[in-house]
Amino acid sequence: MKGSWAANARRLLLAGALAAMLGGCATTSGPMSQADPYEPWNRSMFEVHQAIDGTFIRPVVQAYIDYVPAPVRDVVHNFFSNIDDLFSALTALASGRNDSAGHDLGRVIVNTLAGFGGLIDVASSAGIPKGGWDYGLMFGAWGIPQGPYLFVPLWGPTTVRDGTGAVARAFTGPISFVSDVPTRNILYGMAVGDARAQAEPTYDLIDKAAIDKYTFIRRSYLQRRNYILYDGKVPPEKEEE
Amino acid sequence: MRYVVRLFGFVLGAALAPLAMAQEAPDAMVKRVTLEVVGIIKSDPKVQAGDQARIREVIESKLLPHFDFERMTALAMGRNWRTATPEQQKQLVDQFRTLLVRTYSGALNQYRDQTFDFKPLRAEPNASDVIVKTEVQRSGQQPVQLDYGMTKKDGAWKVYDVIVGGVSLVTNYRDEFNAQVQSGGIDGLIKTLTAKNSGAAK
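As given, the protein sequences belong to chains A and B, one line each in that order.
1 is the number of the first residue of the first sequence in the numbering used here; add one for each residue after it.
1 is the number of the first residue of the second sequence in the numbering used here; add one for each residue after it.
No wet-lab data here; the hints were simulated from the structure.
There could be a bad hint or two in this list.
With a cut-off of at most 20 Å between alpha-carbon atoms, the simulated PhoX-like pairs for lysine-lysine come out as follows [as the list claims (entries may be wrong)]:
no.	chain 1	residue 1	chain 2	residue 2
1	A	LYS233	B	LYS191
2	A	LYS130	B	LYS133
3	B	LYS191	A	LYS213
4	B	LYS153	B	LYS31
Pulled from the structure, derived: some chain A residues nowhere near chain B, Cβ distances all over 10 Å [what the hints assert, rightly or not]:
no.	residue
5	PRO40
6	LEU86
7	ALA168
8	PHE216
9	GLY232
10	PRO235
Where chain B lies over chain A, by a calculated footprint (3+ residues, C-beta under 8 Å) [said to hold, decoys possible]:
no.	segment
11	124 to 132
12	202 to 215
13	221 to 230
Virtual Cβ for every residue (Gly too), placed ideally from N, Cα, C.
With the rest of the complex left out, here is chain A (with noise of 0.2 Å):
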């Protein structure tokens, strides 16, 4: 049941990034117009979202928050933070991010020698730090520039470039190559349902400090994917994107 939400979350971002792409260079005018073109459609798939969200989601993730102990949520964020962290340290080399290449490689040793494959984060205990580099990162690191802005729902925020990478990133494993079926659905459900977990304290900061949440989410997410990608010294034609 969970997992085949998570598929629906990838048909869905697929088909939007279809959409985009052989959308081309649609205009319309506005202020954010250059960086999301498509905002009546991302806003009518940002309600459905909240819809969504709202009614099945959030219920399910607070009672994971409220019942399940820290130290058990811990180790499933652990897991898959690990299996991240190789990504990471991937994508990261290939951008030429040596520096965060080299944190991430190590934090994947120790955690998974010393941290029983990955479920205790012994790495950010011994000060190592998570570099948090991805595919969208990597194109991004190559020129290619984040193209329109994109809500997809069940998703969340993303653009053409990270969209792209986030459905390279699970078409390159590691859950894709899990051959039984169950066993993958419950993978993704899980790295899902983590993954909606971590951000619960953002949705509540939104909620609180947000006046139009929609506005809100675009601006914070395109300044923060600029500011990893140029390691906090943001170009300022590219601050108002």
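Keeping the supplied structure of chain A fixed, place chain B upon it in accordance with the hints.
Chain B alone, transformed into the frame defined by chain A:
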């Protein structure tokens, strides 16, 4: 006579100079205030119990004096700031301030188990606009950069922007405010902010 005045001026200047020299550097101020507030969060039983009134009191007395809300609001308003009347400006500053206090008081408790790393300030000695960089470390998670845009006002350093992991508060609200002003004018924005602060809006 003129000599006496000049001498008096000189003596006065000499007496006041140490005051100006002893003024707290912006990074030192951020460090002092952060550690003070984190100390309260960790030790105050009322704050730990989630007593919203007490949390708001801590924010009002310890943090707010170091913020320049007028500049913050003006920056978030962008071009629209100058078209607002003084009365509208005052209302905007008040409402924006209330919104930020509400947001902060909800987030404050999350800082309990975190450690702060204060980065050395990189700025010219007589700069009047600086960015003070800090990093928040949370166990098992990516560290978050927490930076403060600060400016010198009436001899004291004040915060006019908070940048969380590269997301500038002022830049975020500029989009929000702009959209509101475009659809409902400045009064529309004031109305939306007031409604949000009174808990009517989601």
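Original post:
Quick one, are LYS191/B and LYS213/A close enough, alpha carbons at most 20 Å?
Top reply: Satisfied, since the Cα-Cα distance of roughly 17 Å is no more than 20 Å.
Original post:
Any Cβ of chain B at or closer than 10 Å to PRO40/A, or is the non-interface label fine?
Top reply: holds, 14 Å
**OP:** With a C-beta cutoff of 8 Å, work out whether three or more residues of the segment 202 to 215 of chain A approach chain B closely enough for the coverage to hold.
**Re:** It holds: at least three residues are needed, and the segment 202 to 215 of chain A offers 9 whose Cβ sits within less than 8 Å of chain B.
Subject >> Restraint check for LYS233/A with LYS191/B, where alpha carbons must lie at most 20 Å apart >> reply: Given that 20 Å is the threshold and the Cα spacing comes to 36 Å, the pair is violated.
Original post:
Closest CB-CB distance from PRO235/A to chain B, is it above 10 Å?
Top reply: holds, 13 Å
Original post:
Does ALA168/A sit more than 10 Å from chain B, CB to CB?
Top reply: For ALA168/A, whose nearest Cβ neighbour in chain B is about 22 Å away, the distance exceeds 10 Å, so it holds.
**OP:** State whether the coverage of the segment 124 to 132 of chain A by chain B holds or is violated, taking the criterion as 3 or more residues with Cβ-Cβ distances under 8 Å.
**Re:** Coverage by chain B holds for the segment 124 to 132 of chain A (5 residues, Cβ < 8 Å).
Subject >> Given as non-interface: PHE216/A, partner chain B, CB spacing beyond 10 Å >> reply: Since the minimum Cβ distance to chain B is about 6 Å, PHE216/A lies within 10 Å and the statement is violated.
Original post:
GLY232/A: least C-beta distance to chain B exceeds 10 Å?
Top reply: violated, 7 Å
Subject >> Outcome, coverage hint (the segment 221 to 230 of chain A, chain B; C-beta under 8 Å; three residues) >> reply: holds (count 5)
Original post:
Straight-line Cα separation of LYS130/A and LYS133/B no greater than 20 Å?
Top reply: Holds, at about 19 Å.
Subject >> 10 Å Cβ clearance of LEU86/A from chain B >> reply: holds, 16 Å
The structure shown violates the earlier hints numbered 1, 8 and 9.
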